[in-house]
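Quick one: dock chain against chain with the hints and give me the complex.
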Amino acid sequence: MAEYENLLEIKNLSFSFKTYGGTVKAVRDVSFDLRKGEILGIVGESGCGKSVTAQCIMRLNPEPPGFFESGEILYKGQNVLQMSKPELKQLRSKEIGFIFQDPMTSLNPTMRVGKQIEEVFTGHKDISKVEIHEKALNIMKLVGISDAEKRFRQYPHELSGGMKQRIMIAMALVSEPSMIICDEPTTSLDVTIEAQILDLLLELREKLGTSIIMITHDLGVIAKLCDRVVVMYGGKVMEHGTVDEIFYDTAHPYTNALMNSIAGLDTDKNTVLKPIPGTPPDLFAPPHGCPFAARCDYAMKVCQTYPPEFTDLSQEHSTACWLQHEWAPKVDLHMHNRQRKETV
Amino acid sequence: MAKYILKRALAAIVTLFVLITVVFFLVRLIPGDPFNDPKLTDTVRENLYEYYGFDKPLVVQYGIYMNNLLHGDLGPSTRYMNRTVNDMIFESFPYSADLGIRALVFAVSFGLVLGILAALNRGKKLDVVCVLVAILGTSIPDFIMGAILQYVFGVKWGLLPVAQYKGIEYTILPAAALGFYTLASVSKLMRSSMLEVVSQDYIKTAKAKGLSQGRITFRHQIRNAIMPVITVLGPTVASVLTGTFVVESIFAIPGMGKYYVDSVNNSDYSMILGMTIFYGAFLILCNLIVDIAYGLVDPRIRIGKK
Chain D
1 MAEYENLLEI KNLSFSFKTY GGTVKAVRDV SFDLRKGEIL GIVGESGCGK SVTAQCIMRL
61 NPEPPGFFES GEILYKGQNV LQMSKPELKQ LRSKEIGFIF QDPMTSLNPT MRVGKQIEEV
121 FTGHKDISKV EIHEKALNIM KLVGISDAEK RFRQYPHELS GGMKQRIMIA MALVSEPSMI
181 ICDEPTTSLD VTIEAQILDL LLELREKLGT SIIMITHDLG VIAKLCDRVV VMYGGKVMEH
241 GTVDEIFYDT AHPYTNALMN SIAGLDTDKN TVLKPIPGTP PDLFAPPHGC PFAARCDYAM
301 KVCQTYPPEF TDLSQEHSTA CWLQHEWAPK VDLHMHNRQR KETV
Chain B
1 MAKYILKRAL AAIVTLFVLI TVVFFLVRLI PGDPFNDPKL TDTVRENLYE YYGFDKPLVV
61 QYGIYMNNLL HGDLGPSTRY MNRTVNDMIF ESFPYSADLG IRALVFAVSF GLVLGILAAL
121 NRGKKLDVVC VLVAILGTSI PDFIMGAILQ YVFGVKWGLL PVAQYKGIEY TILPAAALGF
181 YTLASVSKLM RSSMLEVVSQ DYIKTAKAKG LSQGRITFRH QIRNAIMPVI TVLGPTVASV
241 LTGTFVVESI FAIPGMGKYY VDSVNNSDYS MILGMTIFYG AFLILCNLIV DIAYGLVDPR
301 IRIGKK
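So the protein lines, in turn, are chains D and B. To convert, note that position 287 of the first sequence is 287 in our numbering; the numbers rise steadily by one, no gaps. To convert, note that position 30 of the second sequence is 30 in our numbering; the numbers rise steadily by one, no gaps.
It cannot be assumed that every hint is accurate.
To be verified - What follows is a set of in silico ranges between Cβ atoms, one per label pair, in the way DEER data are often shown:
| no. | chain 1 | residue 1 | chain 2 | residue 2 | range |
| --- | --- | --- | --- | --- | --- |
| 1 | B | Pro141 | D | Ser128 | 57 to 65 Å |
| 2 | D | Ser31 | B | Ile230 | 45 to 53 Å |
| 3 | D | Pro65 | B | Pro141 | 37 to 45 Å |
| 4 | D | Gln78 | B | Trp157 | 57 to 65 Å |
| 5 | B | Lys124 | D | Asn260 | 46 to 54 Å |
| 6 | D | Pro109 | B | Lys156 | 47 to 55 Å |
| 7 | B | Ile101 | D | Ile127 | 40 to 48 Å |
| 8 | D | Pro65 | B | Ile301 | 56 to 64 Å |
| 9 | D | Gln78 | B | Gln213 | 19 to 27 Å |
| 10 | D | Arg153 | B | Leu29 | 55 to 63 Å |
| 11 | B | Val232 | D | Leu81 | 27 to 35 Å |
| 12 | D | Lys94 | B | Ile101 | 30 to 38 Å |
| 13 | D | Ser84 | B | Val152 | 46 to 54 Å |
| 14 | D | Pro109 | B | Trp157 | 21 to 29 Å |
To be verified - Computed footprint of chain D on chain B; a stretch qualifies when at least three of its residues, placed anywhere within it, have a C-beta under 8 Å from a C-beta of chain D:
| no. | segment |
| --- | --- |
| 15 | 199–208 |
| 16 | 212–224 |
To be verified - Okay, derived cross-link-like pairs now, PhoX-like style, lysine-lysine, Cα gap no bigger than 25 Å in a straight line:
| no. | chain 1 | residue 1 | chain 2 | residue 2 |
| --- | --- | --- | --- | --- |
| 17 | D | Lys129 | D | Lys115 |
| 18 | B | Lys124 | D | Lys18 |
| 19 | B | Lys207 | D | Lys18 |
| 20 | B | Lys204 | D | Lys125 |
| 21 | D | Lys85 | B | Lys124 |
| 22 | D | Lys85 | B | Lys207 |
| 23 | D | Lys94 | D | Lys207 |
Calculated directly from the structure, the hints in this document are not laboratory data. Idealized CB from N, CA, C, for every residue including glycine.
With the rest of the complex left out, here is chain B (with noise of 0.2 Å):
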């Protein structure tokens, strides 16, 4: 298990290597740069220029830049003064995550609740809801859940905040809208997960056996329908924690979302490295964990262990 993880690791390394070179250079190509507005001189332009090392070769930046790096720094933001990409880092994404875990909890715990029972009760009413709450999840967009919630929690029946993030009651709508995607797909897969495991040559095995029906569905039903959901997770899990730029400015939350978007808008080159690396090594761990509970679930695909 240890040799497998650090195998992982090192992968890892080189997968955030590549993405990194890459970024680097990418961001370069986009025309105009940080200081291109107009009402700069073109002194001011030059000391910026200096201060920030962007005159020099594009090759010893790259070698200064992943020198700080391994040194855990992401460099100054180009866009705000005085601010450095690992502050806003820390800044905003526990805000990103608490939201983010909120969203998680809810729309896995109920997701698999309705598609549990959406396959228990296949072709009954209840089965029909699960679907129609599923097929509006996946195809209503996340700023359109976000502004339905508001106006009708917020405005019309006024029980909870409309938006800002200061307290418990504040976290239910955001997370909702952020989740609720998150949850109909996942019910959509255990349902359909369900209804393969319930036609496996097993589960008459273990009918024959004597089994109660509840019995069958949560010790040998539930267990092996649940694989595709994990799979899934680990990219939602990475997507959903580090902020969604939508919901987030929907509901006035301080979190990352907004500086994925800014930082490309305002060519804040070391903001789109520092979010690019913090959020690909954050998917790479997400899947490592999916990688490892994907053990814990099907012995078959149990990795390191002899």
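Only chain D is shown next, with the shape it has when bound in the complex (with noise of 0.2 Å):
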């Protein structure tokens, strides 16, 4: 797609921790780039990287423990991982917003939850103090939040669940960024609030033209937000590709088991839920295969000890999976699944 250029790019990134256990390899290989103005989806279940990617983004991964292995992140061309401070000062102030995951320990108790938002403009020499004032009542109203002036002067355990993820978002908006990355930003609220902050979410992307890194283990997140979807698992990328092609089309077994561990609306009360077997890797010895080897029904010999190359399957959509390989036995994930819950 030609109209898009690339805002973010990240090219065969690892990070890893060094624990007193052993280096954790919480990131292997991860590439994918966002472009401008769309949103980006990053799924998996818990303890797949996806977050640690997302922060090597901002690089607010704790340094050391963590450090970076190989790879680079582009920002607008430039490469993240040798920014000078004040470089990444500026990145993460103006150039980045990030939303995290629990809004009611991410905030700071002991400060107004205004000044924590006009806080972001700390060392701008551009900027008057009555002007980021103003922006901070104006991003506040954007979001959603009525009485802004006095919710300005106010502590964050004033506030309601929904709308400290308001002040968060606010938060990350009013410097106006290119990006924003959002870290499960609605894990820790109920469906209502989930639903108005989604939707607030996308209004914003239509206003601003923000581009957004959407982290979740939602699928139901991923289809009402996203353009595109990366899905991860064991610290690597396993298929990623066009909403409509990971759901319609999905070529990898384990966005495949995904899909089958969720209920819809449709399903049936009596209908069983198939969670996947097992756990996942240990990522202090990840396998040298492919990560999903030990739990996929069709995993094959060369799956325990060759990692999968990509293959592309369409413009967007690539999946890193030994059954794409031409000798590998033609699998129908689909008409599997159909027939499978028709035997249950």
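Structure below.
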């Protein structure tokens, strides 16, 4: 798609943590890109490396114990890994906003929320105090906080969970960044508030043209919000493509298994949801082959020993799975699903 | 806020009343009395009993004592002739308080700085030094500390006077000896509290906002980490300011500390009661101040406002 240009490019990123027990290889050889104005979903179960990947973009992981093993992160063509401290500060306060998972604990309890929003501008020389205040109030109104003047002077404990998350979003957006990263922004909120927050994000993308990386383990959120999806497992990318491709032309058994493990509105109440058997791989000693091989219904001998290469299925859609190899048995994941459902 | 303080003051009066009553009757249960010196003749003893009112029934004595107390009179000392408990407290408390304030300022400021530095340099040399100081401070008793300080700075190097309380240079050693324990515990507490706060989500939020490390530490970390220190400071302030027997006697300071011990040794009924009331009231006051200070630091426990 020619009208897009890549705002963010992650190439072969590997990030690990040194611990007493050994080195945890949290992110292994991850590549994807984010285009201007798009919403990219990163989905996967807990501990698959999605949050670490996102925090790498802003260098938020504690280093040490964390360290980059290889790869590069290009933001607007500039390598984040080689940025100086002032450049990094600039990146964090002006270019990228970050919305954390738990608004309850992500705000400083001893500081007025307005002050916390204004703080983003600390060290910006080209803006006056009055302008900062103005901006903070405007952004609070924009994210749907009524009575912004009053809220501005309140402390986090005086606000509800949804309100706090709005403050977090306001904080991420106040400096008009080119992109924001949302790390499971609705996980700790109830479903009504979740729907409101998601609508708000969509609305803001329309108004401000901000690119969004949406990290979640909720496929519902992905379906509602995202343009493209990256599926991660065991610190690696399993499959990526447009939302439609991921949902309707699922090519990786892991993605397929994820779909089978969620309940939909049309799921019969007697249907037994199918969890993925087993546990995620030990990232202290990740398997040589495909990380999902041990839990995969279709695993072959080759999956255990050799990591699969990416196979392009369309312009956007590609998957790292040996089933795509020309010698592999042809498996129709969708057909298989239907057959299995009938036999239950 | 005013309502809250009033409520606390009422509760304090009840607490004090119970304290006084219990202590009043308890000291009477101690075997012997203020005048059981075998050298006294029976007539002298009876005269003394009559003079102090000890010949009346206990309940009447209690009534008289409480009535005097309401008028601010803690009664005459049975040990020191012609001196009242009021006089003795007013004479000695300024010394104890002066020494205590110096010790506290020394202990809290150095303790906080040490704790913060240790936490910021976790696992490095400075941290090890701070932890060592904390362990030494909490494990060396103050009389040993006092003696060491006197020997090193007073005797060996001759830098500071060994004892007595006659000028600013006299205050340094006893304040250090008295404050060292508090310093150590404050630094230990501050260090662990800082380390706990640093892993909180809002610190990561601050980092994501592009704030400098200095601003994160000062604006976000310290203010949240200081709470547990304030908590322990209430009772500590009360006990340090009202004097300690050991440090005051080592440095020959005419503070209140020695009256605590002497009064019990001598079964000086009115002195025991006077000291208890004074200390009790002071402790309650300090705790009230701590509760108000909480609200200043942490808005979540701001009281009586809305």
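Comparing the hints with the structure gives:
no., hint, in the structure
1, Pro141(B) x Ser128(D): 57 to 65 Å, "58 Å, holds"
2, Ser31(D) x Ile230(B): 45 to 53 Å, "50 Å, holds"
3, Pro65(D) x Pro141(B): 37 to 45 Å, "40 Å, holds"
4, Gln78(D) x Trp157(B): 57 to 65 Å, "60 Å, holds"
5, Lys124(B) x Asn260(D): 46 to 54 Å, "51 Å, holds"
6, Pro109(D) x Lys156(B): 47 to 55 Å, "50 Å, holds"
7, Ile101(B) x Ile127(D): 40 to 48 Å, "45 Å, holds"
8, Pro65(D) x Ile301(B): 56 to 64 Å, "35 Å, violated"
9, Gln78(D) x Gln213(B): 19 to 27 Å, "22 Å, holds"
10, Arg153(D) x Leu29(B): 55 to 63 Å, "58 Å, holds"
11, Val232(B) x Leu81(D): 27 to 35 Å, "44 Å, violated"
12, Lys94(D) x Ile101(B): 30 to 38 Å, "48 Å, violated"
13, Ser84(D) x Val152(B): 46 to 54 Å, "48 Å, holds"
14, Pro109(D) x Trp157(B): 21 to 29 Å, "48 Å, violated"
15, 199–208, "holds (count 8)"
16, 212–224, "holds (count 6)"
17, Lys129(D) x Lys115(D), "11 Å, holds"
18, Lys124(B) x Lys18(D), "17 Å, holds"
19, Lys207(B) x Lys18(D), "21 Å, holds"
20, Lys204(B) x Lys125(D), "24 Å, holds"
21, Lys85(D) x Lys124(B), "23 Å, holds"
22, Lys85(D) x Lys207(B), "12 Å, holds"
23, Lys94(D) x Lys207(D), "18 Å, holds"
Violation of the numbered hints given earlier is confined to hints 8, 11, 12 and 14; the remaining hints are satisfied by the structure.
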